[in-house]
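Protein chains in written order, with UniProt numbering: chain A, 1 to 365; chain B, 1 to 365; chain C, 1 to 365; chain D, 1 to 365.
Since the hints were derived computationally from the structure, they do not count as laboratory data.
Careful: at least some of the hints might be erroneous.
One copy or any two copies: either way a pair holds, since identical chains are not told apart in the list.
List time: in silico SDA-like cross-link candidates among lysine to any residue, alpha-carbon distance up to 25 Å [said to hold, decoys possible]: (1) K357 / I40; (2) K327 / N343; (3) K275 / E223; (4) K106 / K225; (5) K6 / T354.
Okay, here's what each chain looks like letter by letter:
4 protein chains.
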Amino acid sequence: MTKDIKKIALLTGGGDCPGLNAVIRAVTKSAILNYGYEVIGYKFGYRGLYNNDFIKLDLATVSGLVSKGGTILYSSNKDNLFDYTVEEDGKTVKKDVSDVAVENLKKEGVDVLIVIGGDGTLTSARDFSRKGVKVIGVPKTIDNDLGSTDITFGFNTAIDIATEALDRLHTTAESHHRIMILEVMGRNAGFIALESGIAGSASVIILPEIPYDINKIVQKIEERKRNGYLFTIIVVSEGAKPKDGEVVVAKIVSDSPDPIRLGGIGNKLAADLEKLVKDREVRCTVLGHLQRGGTTCTVDRILSTRYGVAAVELINEGKFGSMVCLKGNEVSYDSLENVIGNNKQVDPSGELVTIAKKTGISFAD
Amino acid sequence: MTKDIKKIALLTGGGDCPGLNAVIRAVTKSAILNYGYEVIGYKFGYRGLYNNDFIKLDLATVSGLVSKGGTILYSSNKDNLFDYTVEEDGKTVKKDVSDVAVENLKKEGVDVLIVIGGDGTLTSARDFSRKGVKVIGVPKTIDNDLGSTDITFGFNTAIDIATEALDRLHTTAESHHRIMILEVMGRNAGFIALESGIAGSASVIILPEIPYDINKIVQKIEERKRNGYLFTIIVVSEGAKPKDGEVVVAKIVSDSPDPIRLGGIGNKLAADLEKLVKDREVRCTVLGHLQRGGTTCTVDRILSTRYGVAAVELINEGKFGSMVCLKGNEVSYDSLENVIGNNKQVDPSGELVTIAKKTGISFAD
Amino acid sequence: MTKDIKKIALLTGGGDCPGLNAVIRAVTKSAILNYGYEVIGYKFGYRGLYNNDFIKLDLATVSGLVSKGGTILYSSNKDNLFDYTVEEDGKTVKKDVSDVAVENLKKEGVDVLIVIGGDGTLTSARDFSRKGVKVIGVPKTIDNDLGSTDITFGFNTAIDIATEALDRLHTTAESHHRIMILEVMGRNAGFIALESGIAGSASVIILPEIPYDINKIVQKIEERKRNGYLFTIIVVSEGAKPKDGEVVVAKIVSDSPDPIRLGGIGNKLAADLEKLVKDREVRCTVLGHLQRGGTTCTVDRILSTRYGVAAVELINEGKFGSMVCLKGNEVSYDSLENVIGNNKQVDPSGELVTIAKKTGISFAD
Amino acid sequence: MTKDIKKIALLTGGGDCPGLNAVIRAVTKSAILNYGYEVIGYKFGYRGLYNNDFIKLDLATVSGLVSKGGTILYSSNKDNLFDYTVEEDGKTVKKDVSDVAVENLKKEGVDVLIVIGGDGTLTSARDFSRKGVKVIGVPKTIDNDLGSTDITFGFNTAIDIATEALDRLHTTAESHHRIMILEVMGRNAGFIALESGIAGSASVIILPEIPYDINKIVQKIEERKRNGYLFTIIVVSEGAKPKDGEVVVAKIVSDSPDPIRLGGIGNKLAADLEKLVKDREVRCTVLGHLQRGGTTCTVDRILSTRYGVAAVELINEGKFGSMVCLKGNEVSYDSLENVIGNNKQVDPSGELVTIAKKTGISFAD
């Protein structure tokens, strides 16, 4: 047992993810009920740590949070205190302000910092650990692409939502004999597309890990037509790429002087397929932010609770500089040094891709 | 009671809409069980009527359809037999082929045609009625903008889905202090945006009927900030327009030679607000096809069943050339001549807009 | 416009009902934003009024309540201040303590009392109105049996939940060729059973308003068997009764000395049918409290918001002693004197029962 | 690779379970697309095997089944061909008719039998394997209590439904300061109660594996009251038992001459707590059949698909007499001899119970 731990702090960083609040709740309850730790939460991720902006967390604060999406501690997306944007002498400069954070922790008497976040947020956590701060990480990402853990919380809620969307698109595709494309999240890893595609009965799944040949998609559409199925459902990860060359990022020409980035791979695919499959309409829906908010699903509520309690156990056992993780069915941990830089991807010859292929799903490879 | 009716036919036209199958089921059950009519269904809307492509509908065919989205008769979007595209002497020409349809009805001994569709589909129904065909219409549109009826089936499922989407966006908006925009359907009428905006607790609702002033949106965002709410949810109909001038339709510049239409009002609004509200991120989600498919909601199941049974009653009463409708809580009917050309819009000074304003929602007018 | 209204109070009474919080939110927002009234809420219904136990309601208090089930003001089921249980001289006696309530209202400077509740709660509201208190009622009941209004909030959430339960029972009934009974709420009125039965594709609907003949149920089961459907779904209101005589209320013989009331009409029906239909299993599920809690459905969120705003409008117009209501699509009002004692029931020859019968549903009458 | 396999048969046995249809679909697709096997399905479980009552399964038959609850092959609950009830000489006798089944398999040229079921159904599968029939098992049970596998399909859908029910009960419990009990399935194993209790934020979880002391439940209720929480949610497995003695099975006294079994542990607990906790109401809801039907959840769709494909792989590899299973994240297999008789239970000192306790949940032990 670690002696002399009296106060711990929490922060949440990066994009929204169902289960953040459930982790905050589990950490707080477990820390107070079992070890009597005092618990505070920094607001807006690392920015709050820099500004010493925090709230006290007690049992009442976290009551009812197991199912609630979002984070009561708020988050910020790109605040890296080791390369932070500050105003100095009227100019905006980048500098390392991590010492301010360390000072703030000392000033408040925080013994351990629990960081809940994805790749970027946990990289900073590792860097604070290297500076001597006692840090515990909790893996968070919709995309499920963090290394060292079989699964991250948020992922199961995302595939639930994507699967429900595919269920909805099915009735329209069938009734109108359409080709319907759903673009889901996954910049570097296709786990959401793969699992929702299997669950939502897609005929084609396009992943970042398996560059696609558009002619193979057309072949699948034609094969289905020969078998009497005049519609086709395609699910595509936002980070998917064709075999031949890059996706030119689409831009909008609006009446705004500064057009924003808009069309991704899903809309490109729709445009390309409309030219190749003459007799049917193609439509693309981009699921976007719908897959990262709202009520947390059952699996993620349980997983987040396990992670939160396990994080407090790691504190008690003195295992600092590590991240809780899931290996098979067991909650375990790994060092942050191992986690960072070892992101996961879908294995193109792994079981799930194989299963999908054996039930007739095409990856257009 | 109408004598000599022995056989009726059904067809479904236009975009997908939850409740189509429930109407088909109710018509079929009611016609067979109560009057012993024979029932057939033309496939792909009017195209099937032109090609004499139909299936027999009996109790087994329609079993289990009350909840199933889509239409087992399939649909087509733009087939107008009074101005139909045909090949003639190797050329594509437009011509009136409605006589072929009338001939097909005679040949099959169809006494009455029930047409389930929106504005376009019902316009043809009226035109067939003018040609002497016994026609009954059933009003279908997600947008709820058909005249003569208080409500169309499909609308309630659409607002359920849009409301659930707003619930999801709320957690992300709150956690990240963002301005989140949801673009919903409604080219000419803002009913979906209005009702889902009230139910989903939007702060700003933008409708086609109330041109918006972008400065009023910014004012609302600032007012909320002063009251401690750093996020704002905006719901916008696809057909919304700014007070000053038209929306330039956005196009994508992709690596496809023929760029498809893409960015609508929601994305334009996001681009414009990002420039005006410096300190916060703005994100837009386009709900698109997700709001027209999937399981039919309770209200639409009941309404579709009422409409289907009422259509058969109108046949029995000989009230041809009319459309079933809902007036308050009562199922009633109106002539197709009255329906067409009298589309509804949200009343900018009506009860629902007033209610919304009194609870603090801005229409940016 | 009513002059001199400065402060209003709210209370919620009776069983739980989705939409209570949405009404509280709409009243509070509308009162503060449009008229500058001060708003307080008594806790635990009339008990709080008696004990002068209240909280201040402001915009922050009601933020986020549009979708949340339950009531932040709490409720109590049977507290009638005109016949209230108090301790006096060590004995429990019943007495009229309504003067204490009137006194409390005066003491706090409350000008108008908004009472949200069903039959019992609104009867007291009428009685306070008779005593000179300025009262506005808002109709609340899952069962939809209140007079003077076409619909009460909470009802649509209840039928959504009951319909989803019927959807679930369908797959088991079909796979196991079973007779599945769902008992839903409705002591005196069968609206929930009727509407969920139509939406959930029940074959038999049993209502309090139409006493049933068990042989007619058996006939329906046999008729379905002849048509190839080896399963039957029955939905029954808790208040349903057989044609011949009363339901003996079932009791449990447990090892508790004081057995609680348990088995209702659904379980009796299952027991009776098991004896009459030899070749198939019969199972009953009692939906119970599941149909009155949880997230409020879209329709109820909108209706509750309309009712809440309308209640404040009635105050402004000085229409005291009245209840907001819905007539067709229009929000309106009626006097509490008319409401009480005029509860609604399903019309056995009305449109919905007729529609159900025409699609083949049996009422076993 | 196994030579000479040309035809395989499927059957489903035991209670309804979401995912049955998804397994049937995956087996059929995988067998036809990858190995060209012919596939048939016996109807009503072993009864169909005895009566040689089957249907051909092809790609069209199984289309759309990934999400659909129930089983298109129907099921029967208690048909054991090794101890089967038959009519002989006008009398009902029990006898071993398994040879008839073996004969039927030979007659139809079935090379391998895939049996999808729980403990009872798989025991017969093992017995057929002992008789020389090539058998593959697929583990199915809502309760998740089968040995040799970490998880069975159907379980995750069940905990989703139970968790949603707990979410609903929460609002009513909070608003009315009630003690709400939810009885869920689990005759011998408490996995559903345990996982839904954690996800649904129950304060007390009662399992078959941890006999309860009613005084400990009362203590928890009192402790919560002292902390300001006037409501308590309890989830209890149907097979739970008090520390002191057995549960006397409750019976109903109805006006039926032959009263049916009704009240289980949940209702007993409610009756007992009402006597011990004077100042609050206690209510019990029995979830019953609602947790085994309806749309299959995402996790179960994927798991069922993996199991179905893996079963066909085992055939190809000649691994007969075995059952597919999940070990950690890997699909694997074990011999049916090992599976039968080794049912799982919740480990009272395992991780999940420990996690639950550390977040303040009482098991009343």
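Hint numbers the structure violates, sorted upward?
Hint check: 4 fails alone, others pass.
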